[in-house]
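K.L.:
Using the hints, put the two standalone chains together into the complex.
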Amino acid sequence: MIITKKKDFKTILEYLTGRENIYLFGCNSCAEQCETGGEKEVKAMAELLVKAGKNVTGASMPDETCYTMLIKKHFREDRAAVEKSDAFLVLACGAGVKAVADIAGDEKPAFPALDSLYLANVTRYGHFFEGCSLCGECILGETGGICPHTQCPKGLLNGPCGGMVNGKCEVNMESDCAWAMIYRRLKAQGRLNVLKRIIPPKDHSNSVKPRVVIVESRMKKG
Amino acid sequence: MQSFKDSILSGRFTITAEICPPKGTDTSDFLKKARLLKGRIAAANVTDNQRAVMRLSSLACSVLLLREGIDPVFQMTCRDRNRIAIQSDILGAWALGVRNILALSGDHVSFGDHREAKAVFDLDSVQLIQAISKLNKGTNVKDAPLKGGTDFFTGAVVAPEAEPWEPEMIKFEKKIEAGARFFQTQAIYDMEKFHRFCEYAKGFNVKILGGILLLKSAKMAHFLNKNVPGVTVPEHLINELESAHDQLAKGIEIAARQVKELKSFCNGAHIMAIGQEESVVNIIEGAN
Chain A
9 MIITKKKDFK TILEYLTGRE NIYLFGCNSC AEQCETGGEK EVKAMAELLV
59 KAGKNVTGAS MPDETCYTML IKKHFREDRA AVEKSDAFLV LACGAGVKAV
109 ADIAGDEKPA FPALDSLYLA NVTRYGHFFE GCSLCGECIL GETGGICPHT
159 QCPKGLLNGP CGGMVNGKCE VNMESDCAWA MIYRRLKAQG RLNVLKRIIP
209 PKDHSNSVKP RVVIVESRMK KG
Chain B
-12 MQSFKDSILS GRFTITAEIC PPKGTDTSDF LKKARLLKGR IAAANVTDNQ
38 RAVMRLSSLA CSVLLLREGI DPVFQMTCRD RNRIAIQSDI LGAWALGVRN
88 ILALSGDHVS FGDHREAKAV FDLDSVQLIQ AISKLNKGTN VKDAPLKGGT
138 DFFTGAVVAP EAEPWEPEMI KFEKKIEAGA RFFQTQAIYD MEKFHRFCEY
188 AKGFNVKILG GILLLKSAKM AHFLNKNVPG VTVPEHLINE LESAHDQLAK
238 GIEIAARQVK ELKSFCNGAH IMAIGQEESV VNIIEGAN
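Going down the list, the sequences are from chains A and B.
If you want my numbering, it's the 1-based position in the first sequence plus 8.
154 is the number that my numbering gives to position 167 of the second sequence; each next residue is one higher, with no gaps.
Here chain B stands alone, though its shape is the one from the complex (with noise of 0.2 Å):
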């Protein structure tokens, strides 16, 4: 099995897509599509509690995922662990054989089910960043050795479309001083603009997976428009989508066309199929 670390540093295409654990400890769904996707993507990211919804730790998903043959990427949050446990999840996870790992802020608890919670954000996405850097060269964050450390292949998100874009630019720019390698972007649908982003970070030592995000109905996309911020579904894929008999169908077109565009001028791509893991075949299929 050649590794996402491999392919994506080869200089070929990488599809990445995102997998979501169970709100419980039965794996039998999270299993099944993981095996549908295996062989056909580089690499399965593994949600940490994704909109601060209380899940099966990314952790554990991730190790399932090496079991079946899957090179995962354990995403790691801010929001949920202090910089003790976030770097004893983060070495744990090595020492079970994870080697990607993707570094982000994480929703605010406000989102999720369990809204009484303690947001904690100790470190920020820059910080932990810097944190698995430090573990990657064997010392904790505070400098002291450590009997055995990490080499991550560590990623981080950007926001192509983030708007006012300087700020973005900069912290994407910090990523990469912290010891970002890959980039996994936020869903993007303005392709002029994310053509105008790759080149600007073709002025970087980092490769750029753009985020593709399954609309599985016209009805999704308002939602999405209405409450995931960062999330802009313009109104002609709107149209597209309602116009269409099968909706579904017509958003795993607009999917793979996406995924077939940014095969000029980008490394790769991440797919986000929220739920409808199955329809990564079809996409992956269509964009070829």
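Bound conformation, chain A alone (with noise of 0.2 Å):
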């Protein structure tokens, strides 16, 4: 899930200077979850900008705002409400605002609402940890299942820094140190000769932006 919050509503109305016409965008996704786009927030923004003297000229949510394919539907379905629009505010993660922003065309613009976070595991409902950095490079067959690239505030690959006090991280000492965690897991496993293995360097030319993956056998069923 895509972890997301809210920007403060001043930015908003200043993205929104001299369009007086808004349609919203929220997500029924991950948004929804992160309770920053879902139907609620979506009738609150549209209060907040009443009150603020816009006009607000109708609303969407999307099952996924990211599938730019559904936000044509939308922008179909309600075709009326949304050329009235002079702006577009999607209450989504960057991929929807992109999704909505390449549908609107060139000339009517798409602000943000949310600012996005990162990929998140949901370790109990309402919490959102952060557990993979999407690198392009999985090692976590090395590290017992804990990314030390996304755990670890530096990325560390080789082991704990100096850092590390009673297991715990330098950076935020309320954390474990990712390092003990993957340490105490390998050795649990008895997989400690993996720990002593010198990981090298990571490929980074796997993540150079932007990354586009087309699965071909799924294009010909659309």
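Hints listed in this document are in silico derivations from the structure and should not be mistaken for laboratory results.
The beta-carbon is built from N, C-alpha and C at its ideal position, and this holds for glycine as well.
Not one of these hints is a red herring.
Simulated crosslink set (DSS-like; lysine-lysine; CA at most 30 Å straight-line):
| # | chain 1 | residue 1 | chain 2 | residue 2 |
| --- | --- | --- | --- | --- |
| 1 | A | Lys48 | A | Lys116 |
| 2 | B | Lys20 | B | Lys247 |
| 3 | A | Lys51 | A | Lys14 |
| 4 | A | Lys176 | B | Lys203 |
| 5 | B | Lys180 | A | Lys204 |
| 6 | A | Lys204 | B | Lys121 |
| 7 | A | Lys92 | A | Lys62 |
| 8 | A | Lys15 | B | Lys105 |
| 9 | A | Lys204 | B | Lys124 |
| 10 | B | Lys180 | A | Lys176 |
| 11 | A | Lys176 | B | Lys105 |
| 12 | A | Lys217 | B | Lys105 |
| 13 | A | Lys18 | A | Lys116 |
| 14 | B | Lys250 | B | Lys19 |
| 15 | A | Lys195 | B | Lys189 |
Some chain A residues flagged as far from chain B (calculated, every beta-carbon gap over 12 Å):
| # | residue |
| --- | --- |
| 16 | Tyr75 |
| 17 | Thr76 |
| 18 | Asp86 |
| 19 | Ala95 |
Among the chain B residues that face chain A by a calculated CB cut under 10 Å, a handful are:
| # | residue |
| --- | --- |
| 20 | Ser92 |
| 21 | Asp94 |
| 22 | Phe98 |
| 23 | Ala106 |
| 24 | Leu110 |
| 25 | Ala149 |
| 26 | Lys158 |
| 27 | Phe159 |
P.N.:
Have a look at this one:
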């Protein structure tokens, strides 16, 4: 899941300066679970905008706002309200904003109402933990399923730094040191020999942006 | 001038000390402190934006020390440069006459004065040591030959009081495998524990310099315990400082006592006097 947080309403109003008719997009997936872009938050945003003197021409709640084709469908289904607007405000992650901006075309702007943070594990209901950085070169097989690239603030690949204190991390003393956790897990699995191998520097050529993947078998179906 | 490398490899107890570059281009205090230490220590470590606080570069200050006839240990962290800049700066240091290098991870950006900066860590300390070893063999990290390589005396850091100890030990051994030949340790307080570490380290072909941190006052000791990762000043030392009339003099006395203790079982001492470099001379004299 992609974690998002709300931007200041003041920032949003600055974006919308000179734009009076606003169309809203939420997202019924990640942002709904983060309580940043669900039905409730879109309704609250509409009220705030009206209070600030704006006219809200309509709102959509796609199942997944990052699906560009789905956005196209919503544009079609609510054409009158969409056409009446002179800007879009998107309560979704950056991929959602991009989808709306692309469909809106070059002349009508789409603004983000949220900041996109990270890919998360839902560890408990409402608890979102960053466990993967989407680096393009997974080493979890060598680190007991704990990502040092993500869970260590320095992304160290060969063991703890001097800042490990009683198994805690110097950057956040509430958190366990990623390497102390990796060590415990590999030890429990009888795989400390894996820890003794020097892991080479990361190949960042795997994450040159923007990355594009095309799954041809799915294309044919579509 | 006998080099740091020759001194420590000869088996003589070797003392190094840390000097911190200034926050700007006025090097007069830096050089004044360095001149005080000249001839008293085998080498001076030049810190690399220590605690992630931006200062004059460790490379520039290492070269300033060379001009003063002091053998520098050029400290290089992984925090601020990617592998291209790291190799380039290391080659630069060699070309300018620097012969010792210390590879560290580096304190995280979140401790420093530029908390909005990107923490790089493109390499970690083990990979940095590997990179230096490659440059020493005359190639870059991609194994492409260089027009002139390096022959650095490469050092690294170890935390002998780390808890849990085993992952730290594994990393220590990886650093040796990668090419580290000497270690300057983080501040040590538990001499018995450190003695055991030195016995274990004798199994490897490396030299160990025990880290001695000058406690300027009881207040500083409390500050270190609260704010500096990996440093735990024991209660009995804090009490000793608190009951002293002159706390700095007491701190120097404690450090001298620790250096003296190290002489019986360790290859050297690395004195960190953070801003109080002039006291290093007193510590060395007190340890005689």
